[in-house]
Amino acid sequence: MAAEICLLLAAERSGTHLLRSLLANIPGVVAPAEVCNVSAAGARRARAGFHRFRRLLCEENPDFYFPTEPAQSEMLDRYFTFLRAEFPRSTMIVVDVKYSHVHNFNFYWWDLSERPYLLEFARKRHIKIIHLVRRKAYRTAISTIYASHSGVWRARAQEDLKDLRITVDLRKLERKAVRLARAIGQFEYWLGACPAFQITYEELTGQSEAELGKLQNFLELPARIENRPGFIRTTPSLETSIENFEEIAPLIDLDWRQLEIRAPSQRGP
Amino acid sequence: MSLHDGADVGKEAQEGRIRADKRIPKIENAQNFCFVIGRPRSGTTVFKSMLQTHPSVFAVGEIFNESNPRSYFHFQQTLLHDDPCAAFPSRGIGNFLKYLENCRSLACKLRPEVNVVVLDIKYDQAHLLCEPWWSIAALPRVFSLLRELGCRIIDVHRSDLVGLVISNQIAIQTKIYHSNKLGRGEVQDAKIRIDPQRLLKEVTATSKAYERIHRHFRDYKRYLMVTYEQMFDREQFSASLLDRVASFLGVAGEFDPVPRLAKLLSDDTYAYVENAAELRAFLKDADDSGTLPVPFQG
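As given, the protein sequences belong to chains W and P, one line each in that order. To convert, take the position in the first sequence, counting from 1, and add 411; that gives this note's numbering. To convert, take the position in the second sequence, counting from 1, and add 1473; that gives this note's numbering.
No lab work stands behind these hints, which were simulated from the structure alone. For glycine and all other residues, C-beta sits at the position ideal for the given N, C-alpha and C. Hints may contain errors.
Claimed, not checked - Chain W regions said to be covered by chain P (calculated; three or more residues, Cβ under 8 Å):
#, segment
1, 468 to 475
2, 503 to 517
3, 521 to 530
4, 587 to 601
Bound-form chain W, shown alone (with noise of 0.2 Å):
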C-alpha cells in the first residue's frame, strides 16, 4: 500500500526537527529534514528535496517550468509519487514544509489573502496537516536571532552548541515577533477548511503525553508517539546568553494571539 503524505506545516524555529524525530521513532514514519529549505548544507542533494525534484522534473518536461494550476497540481501528484519511491518501505512520510516557503506552490494567479494553493491542494487530496505553533513568539524570534549568530541551528548533542552572548535589537525582535504572529494566525484561519491538527512547541518541549496521544489518533498511527527527542535544545537560557536581557524581558513569554492584539494595525494579509 501506498505511503501515507502528511504534511507538517510551521514557522522555522517551532520545533519541528524536534517533532520530527519523535514521528520518526515510529516504525514506517519517515519524516526528511524540511523539503524546500536550499540554504541547509547539503540541501540540494537531499533525497526529499523538494527543488532537487522540481529542476529534474522540468528537464524532462519543461512545461512544468510554467506554473499554471494544472501543472503545479501534477507536479505536486509526481512529487508524493516520487517521495514514496524514494522511501519504499515506508508506510507514512512527513513532508516538512515551512511558513516561508508554501509559495514555491502557487500557480499564477494568487491574491495574498488566498489559501495558499498547497493547502488547498491538501483540502482536495485529504491530505492530513501537522501545524506546530510556538506560542511564544518572542522566543522563537529569538532562537532565528541567535542561530543566525551561532551558526548552530540545530543540535544532537551538547558538544554541538556554541555559547554565545549577544545584543537583541528591539525594534527588530519586535517586528520580526509581529510578523510571525500575523502568519500563525493567517495560517490557523487557512487551515480551518483543512484536516489540520494543531500542536504546540510548549506541549511538545512540556511532556505533553495527552497532547502526543491526540496527535498519534489523528494520524492514526500504529504505536504511540515516544517523548525520546532526537534533538537538544540550541538557544541557552536568555538570561545568560542576552545582553540586554532587562530590556526583552516583559515581551519573551507573551504568547502570538497577545501580539496580534498588541499590534491591530498591523493584522490581516
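Following the hints, complete the assembly by docking chain P onto the known chain W.
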C-alpha cells in the same frame, strides 16, 4: 538620455539605502525601468498601450504572463538550458536582474531611440519572483527589490472596486478580457451571476492590497499612483494625466491621447449581473454594517 547613457544610479543607491546584501547586485540606470503594477481589470492594459505610443517608450508586456513570449518564464527557460541550477529559488533575484538587462538589450536592439522600458506586473502574480524564504505576512519580494534597485513604479488603482471585481468575473467567465477580442460592431452583452460573499471578499482583498502596496511605496520618489477614474476626459486620456506621466518618466509630452482600446463594458457594471438586485441589497447591508471597505454606490 539613452538606456545606457551615464552612470546615474537610483536615488536610493546614492543615499546608501540599498540593502547591504551582497547577493543583490545593482543594476545600472534602474530608473529607466518603469513597472506598471495593479490588480487585474484596473486599466493597466489601456494605460500601458498609451505609454507605448511614446517614441521613447518600449513595453515588454506582462512579465509573469505565460502567453507573453517575452515573459520572465520564457527567459528563465533559456537560462535553464545552460545552467539547470538556475531553477533554485536562491538564484531568483539574480535571474530577474539578468532578465531586466535582457529586456533593455531587446529594447535597444529593436528601438535604439528608446529610453524607458515598461514592464507590467499584476499584484496577484508578484509572488512568482521567489526567494528561498518569504514571510507570508510580508509583501512579495519583488516590491522591495524594485525600490532597492531604484526602478520607477506606476501603481494603477481603480476606485470602483465593485466594478473591478464584476468586470473581472465577466472576463473570466466569457474569456474576453479586452474589446479587441470582440468582432466589429459587437458589444459585450454577457449576463453573469455573482456570488455576493465572494464579491465582498475580493473587494476587501483588493482594498487591502491597495493599502499595503501604497504604504510600501508612498515615500518613494519614483512612485506614481494613478486611478482608472482619472485617466479619461471626454473619451481621451486626460491632458493632466499625460503631463504627470511624462514628467514622472522624464520624457517629452508626446503621448497619443486617443485610447488604443475601447471600453469593454459600460460604466454601469450591474447591468451585466443577473442577480443585480440581490447584489445591491447585500452590498448596502455590508456598507451599513461597516464590512464593505468602500462606500456603497448602488
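Compare the structure with the hints numbered earlier in the document and write down the numbers of the violated ones, lowest to highest. Structure breaks no hint.
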